[in-house]
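Q: Dock chain B against the given chain A, drawing on the hints supplied.
There are 2 protein chains.
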Amino acid sequence: MSEYTSMELGPLDAWHALDGAAPGKVFLDRELGATNSGVSVNGLAAGQSSPFWHRHARTEEVYVFLGGTGRMALGDEVVEVREGSAVRVAPNTWMAVHADADSATDLRFVCVRAAGVPLAEIGNDAEMSHEPFPWA
Amino acid sequence: MSEYTSMELGPLDAWHALDGAAPGKVFLDRELGATNSGVSVNGLAAGQSSPFWHRHARTEEVYVFLGGTGRMALGDEVVEVREGSAVRVAPNTWMAVHADADSATDLRFVCVRAAGVPLAEIGNDAEMSHEPFPWA
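Residue numbers (this note's numbering), protein chains in the order written: chain A, 1 to 136; chain B, 1 to 136.
Here chain A stands alone, though its shape is the one from the complex (with noise of 0.2 Å):
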């Protein structure tokens, strides 16, 4: 049996532009059709920070970044990420992510969620917050 899905995202350095909705983020389970697993990649340009905090109830998340500088909010610690950063964060964590303002590129990443049951059967499990970024 070969069963599979596949598509074209085109260069890193075009991630940012490649989903008109929710600039900078790809969502790649979506777009596969995968149901264990939630793949994001993600663009932040120089400057820029996540449009709001946001934890989740349930799920495990696992960021990989691959270009640019900038800064990991988690809860009230902040860790500096670069190319080669790899960072896991417990559900009922806080996070955000920024940009340093004089990153070379892009601050590239991806993004793993997963539950530990299949994504549809917990729903959409996270938590948004406007508080304050402690790079603001």
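Think of the hints as simulated: they come from the structure by calculation, not from any bench. Just to be clear, a hint being listed does not mean it is correct.
Here chain B is said to cover these stretches of chain A; the calculated rule only asks that three of the stretch's residues, wherever they fall, bring their Cβ under 8 Å from a Cβ of chain B [said to hold, decoys possible]:
(1) 36-47
(2) 106-115
If you want the ones that stay clear, here's a sample from chain B, every Cβ over 10 Å from chain A, calculated [as the list claims (entries may be wrong)]:
(3) ALA45
(4) SER49
(5) PHE52
(6) ALA101
(7) SER103
(8) ASN124
(9) SER129
(10) PHE133
So these bits of chain B aren't anywhere near chain A, every CB distance computed over 10 Å [unchecked claim]:
(11) LYS25
(12) SER50
(13) PRO51
(14) HIS54
(15) ASP100
(16) THR105
(17) GLY123
(18) ASP125
(19) HIS130
(20) TRP135
Here a beta-carbon is modelled for each residue, glycine too, at the ideal position from N, C-alpha and C.
A: Okay, now just chain B, sitting in the frame of chain A:
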């Protein structure tokens, strides 16, 4: 609550040398303590192939290719892959990856595994095969 783990993989072009035991592959889930998804970063030198075919009984995989050029075998089909190619592989589909001999860089990719249950619950559901590759 702020709960996370992080690590530095270093520049993408160093991924091929990150793991002495299995050159070219680092399992971030093991390093970071992720429980619901398996995330590996991979670098396959030009002209090299996966050491074997594999498939999973229950685990769905998503590949995101970040650089280099190559081919992915999916059952009896072969798709060309390059920077920006994304592929979802359903359970029970045999797969293997090959970096073109003239790939300008290592074939770099992130591989995500998820089963819809915590990965520890299903243990190792992989099966290997040493059948010839379509690029042999």
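Q: Each of the hints needs a verdict: does it hold here or not?
A: Evaluated hints:
no.: 1; hint: 36-47; result: holds (count 4)
no.: 2; hint: 106-115; result: holds (count 5)
no.: 3; hint: ALA45; result: holds, 18 Å
no.: 4; hint: SER49; result: holds, 18 Å
no.: 5; hint: PHE52; result: holds, 17 Å
no.: 6; hint: ALA101; result: holds, 22 Å
no.: 7; hint: SER103; result: holds, 15 Å
no.: 8; hint: ASN124; result: holds, 17 Å
no.: 9; hint: SER129; result: holds, 14 Å
no.: 10; hint: PHE133; result: holds, 15 Å
no.: 11; hint: LYS25; result: holds, 14 Å
no.: 12; hint: SER50; result: holds, 15 Å
no.: 13; hint: PRO51; result: holds, 21 Å
no.: 14; hint: HIS54; result: holds, 14 Å
no.: 15; hint: ASP100; result: holds, 17 Å
no.: 16; hint: THR105; result: holds, 12 Å
no.: 17; hint: GLY123; result: holds, 14 Å
no.: 18; hint: ASP125; result: holds, 12 Å
no.: 19; hint: HIS130; result: holds, 19 Å
no.: 20; hint: TRP135; result: holds, 16 Å
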